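As they're listed, the protein sequences go chains A and B. Per my numbering, the first sequence runs over residues 7 to 271. Per my numbering, the second sequence runs over residues 2 to 315.
The set of hints was computed from the structure by calculation and includes no laboratory data. There may be inaccurate statements among the hints.
Straight-line Cα separation of at most 27 Å, DSS-like style, residue types lysine-lysine; simulated pairs [what the hints assert, rightly or not]: (1) A:K185 / B:K282; (2) A:K215 / B:K260; (3) B:K282 / B:K260; (4) A:K96 / A:K185.
As the structure is a prediction and not an experimental result, all values here were calculated from the model.
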Amino acid sequence: MPRYVLTGALALLFLAPLLWAGVASVSPQGGTAQAVGWGFGNYETLAGYQAGIVAFLWNSAVVSALTVVFTLVVSTLGGYAFAWFSFPGKNALFLTVLAILMVPYATLLLPLYVLLNGLGLSNSLLGVALVMTMFQLPFATFMMRISFEAVPRELVESAMVDGCTSFGALRRVLLPAVKPGLITVGMFAFLAAWNDFITPLVLISDTSKQTLPLAVASLRSQVMGVVDYGATEAGVVVLALPCVLVFLVLQRHYVAGFLSGALKG
Amino acid sequence: MAVSTPAPPEATPPAAARRLRRRRPARGQLLGWAYAAPTALFVLVLFVLPTLLVLRMSVSDWSLFAGDRGVNFPGNFTDAVGDRLFWPAVRFTLTYTAVTTVILIALALGLAVLVQESSRWTSVLRTSFLLPSALGLASASLLFYALYSPQASPVPGLLRLLGFDVGTISFLGTPTSALVSTVVLIVWRFAGFYMLLLLVGLQGIPNEVYEAARMDGARRWQIFWQITVPLLRSSLALCTILCVTGSLLAFDQFYILTKGGPDNSTITLVQLVYNTAFGGKNDLGRAAALSIIVLAALLVINVVQFRGLRGKED
Chain A
7 MPRYVLTGAL
17 ALLFLAPLLW
27 AGVASVSPQG
37 GTAQAVGWGF
47 GNYETLAGYQ
57 AGIVAFLWNS
67 AVVSALTVVF
77 TLVVSTLGGY
87 AFAWFSFPGK
97 NALFLTVLAI
107 LMVPYATLLL
117 PLYVLLNGLG
127 LSNSLLGVAL
137 VMTMFQLPFA
147 TFMMRISFEA
157 VPRELVESAM
167 VDGCTSFGAL
177 RRVLLPAVKP
187 GLITVGMFAF
197 LAAWNDFITP
207 LVLISDTSKQ
217 TLPLAVASLR
227 SQVMGVVDYG
237 ATEAGVVVLA
247 LPCVLVFLVL
257 QRHYVAGFLS
267 GALKG
Chain B
2 MAVSTPAPPE
12 ATPPAAARRL
22 RRRRPARGQL
32 LGWAYAAPTA
42 LFVLVLFVLP
52 TLLVLRMSVS
62 DWSLFAGDRG
72 VNFPGNFTDA
82 VGDRLFWPAV
92 RFTLTYTAVT
102 TVILIALALG
112 LAVLVQESSR
122 WTSVLRTSFL
132 LPSALGLASA
142 SLLFYALYSP
152 QASPVPGLLR
162 LLGFDVGTIS
172 FLGTPTSALV
182 STVVLIVWRF
192 AGFYMLLLLV
202 GLQGIPNEVY
212 EAARMDGARR
222 WQIFWQITVP
232 LLRSSLALCT
242 ILCVTGSLLA
252 FDQFYILTKG
262 GPDNSTITLV
272 QLVYNTAFGG
282 KNDLGRAAAL
292 SIIVLAALLV
302 INVVQFRGLR
312 GKED
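This is chain A alone, in the form it adopts within the complex (with noise of 0.2 Å):
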């Protein structure tokens, strides 16, 4: 029984900082925007910070979808190849997705800085979900090749011999069998996109293209060293809640893919 009761304090020790940012967001709190009264007025601060908190929401929201549809469409057809087909160097190029995981992130930020002004592609949305798609492979690749491996190779044959081509195979017999993968691997690149810090801090120079995590950690310099921690928690707030929706509804996957993931390693 104290076990239990151990483990049930330590969880609620847990959830606190969460709970906290959900009230203190709402709360009036010392040295903020808002001095008195419950309410709104933290969000509405943030709200109307810089260029407003629904451009970076934009921001945040197409940088996020780009990653999740390009990381998926080249996972998708990547896996495929990987899984169905022999083709020369296909072991090389597997082995040079996985080598991904072995560089450090600042350590490619930096000449990606140079190339993707070197393409035209600095300071953009697109510059930085394509990197975020890059970071993504090793993984997304993995997880749709065990994906195609796991399907049985009669389902296609039998579409195959119906005269489906390769990509209507794919499109009709592969894509329904192999979508808990496609879920695990969307899901991924949405938290990591949504979420990343360093890769838009490095990329992108305007203001107004600022994601959603740097709009709200440049609250904290504002003027005069005066932090509005009121509107930073609801900053927040907004950034953790699609998060934790997102975790809440798709657990099983996460728990799944995070798994499959950690067994390769």
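Following the hints, put chain B in place on chain A, whose structure we already have.
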């Protein structure tokens, strides 16, 4: 290549042919390459090319605004190591990594053992521990930034409510408290994540082993230290490697919580790379050299870890 050749409808292939096809599902190499082409393009342009470029940059006098201004080797490397913050950053990064890894893995192991049995109650607990890992590290850091602020922090009030007279607590004001406060944030954010990895390992230990130990009269602590921990070695090794690598590359949490302060006491190596490249010096060449040093150190540390762990397993 002839993928769409319709088979004669009546042709159910003989068993032997079908087996042959099952062994060789390849429908043409060109087609395989076509499907792999987007992956290849991404990897080539955004990974292979930048990796070569960072090597090139590390031996060049490369400024943020003026670009490549010729060779500067080994100048970038000697300048990087000669930076007055280099050794403090190395020392701090290693300290932070050691403290984080030990505390995080010990706590994650404790949590995993506590919620090991499957039941509705434990699954609620598991979710509570896992929920922080859905947050981004930057969001979590911002949350704790407010939680640690003198103006907004509820902690001193809570302590006073419990009867402790704490005066004023400075969470981020001294080098030691800044380190401790950051480790608390990281433990909160990642403990559930590592707990889950260790749970998989725990579920791989057959029940008979525990039963046999209990029959032999082993106590709970004995079972934990002599059975659970040794059999969990590969899961613990995975957690350790992930945690060490992640901590050596720490950035978000310090950039947001401490900005490297107080008095540059919490500058990590990646923060130094960032500052060298974008924080005023604008020296991409030296920053590239520094990140090559970090990359090399990381490779060495990982090889040593793998060796050590493999050696123990034999």
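Results of checking the hints against the structure:
no.	hint	result
1	A:K185 / B:K282	violated (48 Å)
2	A:K215 / B:K260	holds (23 Å)
3	B:K282 / B:K260	holds (17 Å)
4	A:K96 / A:K185	holds (24 Å)
The structure fails hint 1 only (numbered hints given earlier).
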